[in-house]
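Peer 1: Fit chains B and C to the given chain A structure using the hints.
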Amino acid sequence: MPMATAAGHRCYELWDPMPDEVREGARRFAAVQALNELVGVLQYVEWLDRAPSHTRRQMLMAKIQDEVGHGHVVARVAEDLGMPREQILLDYLEGRTRIHNIFHYSFATWEEVGPGLLLTNSAAITQFQSLAKGVYLPYARALRKVEREESFHYQHALDLTHEILTHGDAEQRRRVQEGFELWLPRILAYLGPPDTDTLHTNRMWQVGLKPDGNDEVRQAWLNKIIPVVRKLGLHVDPALVRQAPSGEWEFEMPDWAQVKKVIANGGPSSQRRLDWVRNALDRNAPYRRALQGVA
Amino acid sequence: MPHIPTDSDVYEVFAQSGHGTALSHVGSIVSPRPDAAWHLAKETYGRRDDLVKLWVVRRTDMIVSSAGDRDLLAAKTRMPYRQPGFPTARRRDRSAAPPAVAAPPERRDSGLTERRDDAREPRLTDLWLALADDLFVLGNRLGERIVDYIDLEEALAVGSIGQEALAHAGTILVLCGFDQPAVDARFFDRAQAQWQVSRVVERLTDWPSLVAGGLVIAAAVAVLAERTAEAEPGAEWLSAISAIRDEQLVHLDHWRRWARALAAWPETRTEFARAYAEVTECAGDMFGARPQSQGQGVPAAAPPAGPALAVTLHERLAVLVGDNGGPGSRLPDGPRTRTWGVGGSALADSLSRGRAIRDHYAPGVFS
Amino acid sequence: MNADQLADVVAGVSDPEIDVGLRDLGVLRSVSLTDGRIRVHLTPTRLSCPAVGEIARRVRAALAEAAPGHGIEVVWERGAWQPAAVTAAGRDALRRGGYRVAGTAPRCPYCDSEDVEQAGRFGGAVCKVPYDCRGCGSTFDVIGTAGCNAMLPTPVRGGSR
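Going down the list, the protein sequences come from chains A, B and C. Here my numbering = 1-based position in the first sequence + 17. Here my numbering = 1-based position in the second sequence + 11. Here my numbering = 1-based position in the third sequence + 471.
You may find that some hints are simply not true.
Below are the DSS-like pairs computed for lysine-lysine, each with C-alpha atoms no more than 27 Å apart in a straight line [claimed, not checked]:
no.	chain 1	residue 1	chain 2	residue 2
1	A	K248	B	K53
2	B	K53	A	K241
3	B	K64	A	K248
4	B	K53	B	K64
Simulated from the structure, these hints should not be mistaken for laboratory data.
If we strip away everything but chain A, and leave its shape as in the complex, we get:
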């Protein structure tokens, strides 16, 4: 068992005495991730019964199921740290927690799903790889497994995008390109505001739960994904993202005030997501009680 991270922080198992900040931080990270896994899939569920072939539909359903499975994993981690799992969706409905900016949008076309999925998935993988270096070991282990399972969906997203780019008509390919250009800035924003100068004052970095800064993770992601996108045949507009001679990626800085507004349930699909969750919980309340009452 590693007792210290590469950065020299002491590591903790569930029953170890640990600083309140570590316990609360890990609980919050895991609970927020659980919420995003659970509500984030609504984006894909909306396309499930339009998926255009038997195989594609099975793949999409497996992806949705897997994300909810990841929600189940991290919700259990949060639960061990004192967060009842029922609380996760209630906190969201009552405005105490928020979903990531990307989940406040919907896909307008099927062609957008491939690049959207590809960018979202690869960014999440990069982020989980970073967080998996954190000091709370049960969460770190869960993330390593989740990240590995995500790579399968990443392959699916590649295949989905490639299928349309090579077999779709000009209009359909154009929509894939537009989808890429629409989602790239959203994912850049998803990875968080620049923090290179302030990282060392971030308590989560100090206690070892946030091993890398946002900028570092963003650069790592761009290093991986841009060559892949180019190889697929998509055009990467230098106005959106370009590599400086130093190797550093430059990009158009997101409008952070706007991003903040979206996250505060001011995005195009924010209300739809809230309504869906509220209606589902209400509609199924008697059945939930039956399950709990009889069990």
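Peer 2: For chains B and C alone, kept in the frame of chain A given last:
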């Protein structure tokens, strides 16, 4: 001005990987320029050492067949592929004509012994194909319930059961001799009048009815799998049929737990009793498929699915459906026949949404 | 290359989700070579395994690279996978990835504790059942128990079993 990939940016790649072997198609790529296309193809599809030839051809410069040419290309040479011994049906691709019996005037409660328009008795294959239709719709309905958040574990249960319902539907078709394009054509391109779902399907809307519907469909598939396995114990397809039966028994067990819970809980008792009565009343047609395709020989070992078989299967179903610790079943005393074109809005919505994207693509893209 | 060497090539192909080779996972059944044509028999861990397409793609790519110029056919044997087919090396690789294989009493893959609890009947994938370790607080999956090997079919009147 960003460069948007156009039709002429798509290239087909052919490679020969050894002397004395054929040059063969290895894939497609997108590239804005021909010279870049060749290099990308080399990078994507072959290591330099391994390739003897690499041809990269612009798609727009090729004369290619479309899915509509399938029959033309296959007409004289292709034999329907069979899994040895499994009751086989002819593959039907999307260009196939609807069955002659499509959308006859509806007749209720016509018993299996009654003289029908259909020229012959249904076979095991017909029963399987009809249950595959039910499983397909059920799988789709369950997929949406992953985000119903009854609780986290139930989300994973309906997702697993839904995925397996879809997979079993596809597996059944493959065992019946369908290839992948034919599976897609059958599930996506048939008009509702060509479907022969159970009357249970139109009820798969609210949760109590889904519990009841999931229960009867799982029970029916398990019963038919059991019977099919008995018919030819040494068959090559036995492991697939046994796996379907085993997985459906897990589903059945799950729905029975739900049935007991909903029946015991005061708040849901009445609603569930009504749903269960309505669904089981509809479930008399589980083994009431009409013949779906003409002119295929039945392998000798496959038992004919005459009225006697339907009665046996129906009796076995009645045991599973009646014995659930919940409310009473209203399963009819004997089997009922299925009717083309039922399924109500549950099937209609599923079909129209399934075509929403598919119809906008050239045939064959998603095959 | 002969059939055994080709089988070793396929054995070296990794599962798309877990760092384990196809032979070690019990997915590879056999490889034959007849008249320049390679036939690979595989079995998915579950009928509804969503990874079959990706696995077949990887197998083809690996064979095309190792033994260029052969026809390749991938045959899926449905329903043939058994937890017992996972090799000792496969069990090790799975344990390192946070998985255990069905068939014995599950222990935590991280701390080896026997103090584990099943966390539901279905997992995030059809081949996995979720568990919690009460020893170290880790979550893990058991592969291969979602089937009903442990479940008795409900008594069927007139049935032959």
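Peer 1: All the hints need checking, so say for each whether the structure fits it.
Peer 2: So, going through the hints one by one against the coordinates:
no.	hint	verdict
1	K248/A <-> K53/B	12 Å, holds
2	K53/B <-> K241/A	21 Å, holds
3	K64/B <-> K248/A	21 Å, holds
4	K53/B <-> K64/B	10 Å, holds
Going down the numbered hints, you'll see the structure goes against none, and every one checks out.
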